[in-house]
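Could you build all of it, start to finish, from the sequences and the hints given here?
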Amino acid sequence: MNPAGYLVVSALLFCIGALGVIVRKNAIVVFMCVELMLNAVNLTFVALTTVTGNLDGQIAVFFVMVVAAAESAIGLAIILGVFRNFKSAEVSVLSELKR
Amino acid sequence: MSFEFYTISLLAILSAMLVVIARNPLYSALSLICNLFCVAALYALLQAHFLVAAQIIVYAGAVMVLVLFVLMLLNIKTEAALTYNTVALILGSLTSVTLLLVYLIPLISTSTSAILMPQLAENQLSIVGDVKSIGRELFTKFLLAFELASAVIMVGVVGAVMLAEPTGATLYSSKPKDSTSEQNQ
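Chain order of the listed sequences is A and B. The first sequence begins at 1 in the numbering used here and counts up one residue at a time. The second sequence begins at 1 in the numbering used here and counts up one residue at a time.
Some but not every residue of chain B turned toward chain A, in silico, with C-beta under 7 Å: (1) Ala-16; (2) Val-19; (3) Leu-99; (4) Leu-163.
Pairs of lysine to aspartate or glutamate, EDC-like flavour, derived with a Cα cap of 16 Å: (5) B/Lys-141 to A/Asp-56; (6) B/Lys-132 to A/Asp-56; (7) A/Lys-25 to A/Glu-90.
Computed beta-carbon distance windows for the label pairs: (8) A/Phe-63 to B/Glu-165: 25 to 31 Å; (9) A/Leu-94 to B/Leu-14: 29 to 35 Å; (10) A/Asn-54 to B/Phe-69: 34 to 40 Å; (11) A/Glu-96 to B/Ser-133: 47 to 53 Å; (12) A/Lys-87 to B/Val-161: 21 to 27 Å.
Simulated from the structure, these hints should not be mistaken for lab results. All C-beta atoms, glycine included, are put in the ideal place defined by N, C-alpha and C.
So, in structure tokens, the structure goes:
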């Protein structure tokens, strides 16, 4: 099985996610775009396990999923705290250091 | 490359684009769930059976339910005009196009695929990521990392509870008095 097609798809997904992280203002949408980028990298790992001949790539994807689950819990708690204090979930309100 | 691969990857890319361009964050979340299912289907085509289950249970189940829950809780309105910052738009498209070129040029150039090809022929049929083989790897070669992952999740749970409760939120407030008045209400 040639992984080249999967690598192209994951590159496209990663770039779409990166564009969303830079362009969007809503913190939750930015968070979802980060998840999109993580998924693209996971797809690369799984596609390259067909080349390497062992399961290390799939184990790495498992650990990425573990860390992403913990990260999503903490990140959403932080977004909740930001919304509670600034009454908005836009990333532009978090510019206190600029003033 | 089969018909299934093209259909699923087209759906994955379309739903990923919808995540970025949808005005309502709720639609972004729903199309992200669609994208996660598409990626799970691509895992299935790559014979990674355990990861298909983990992707659907952990990502499309737990994480996206959490995201949707927070979206409903905050009740964020639709961005009416979806005005993008022009500088951010230019920088973002420049960055993502550059990244895409950096990924695709080595992939398309013949030398890299020539390096990959001899190994491809040897290991074509041997890799099936079912629960048995993943579990054997996880509990022998990666046992320490597996235990550390449980510690990471534990820290995540405690941190999320600390951040989400009202007293923990004072960490981010510019005026400490506001949070105390919120507690009294």
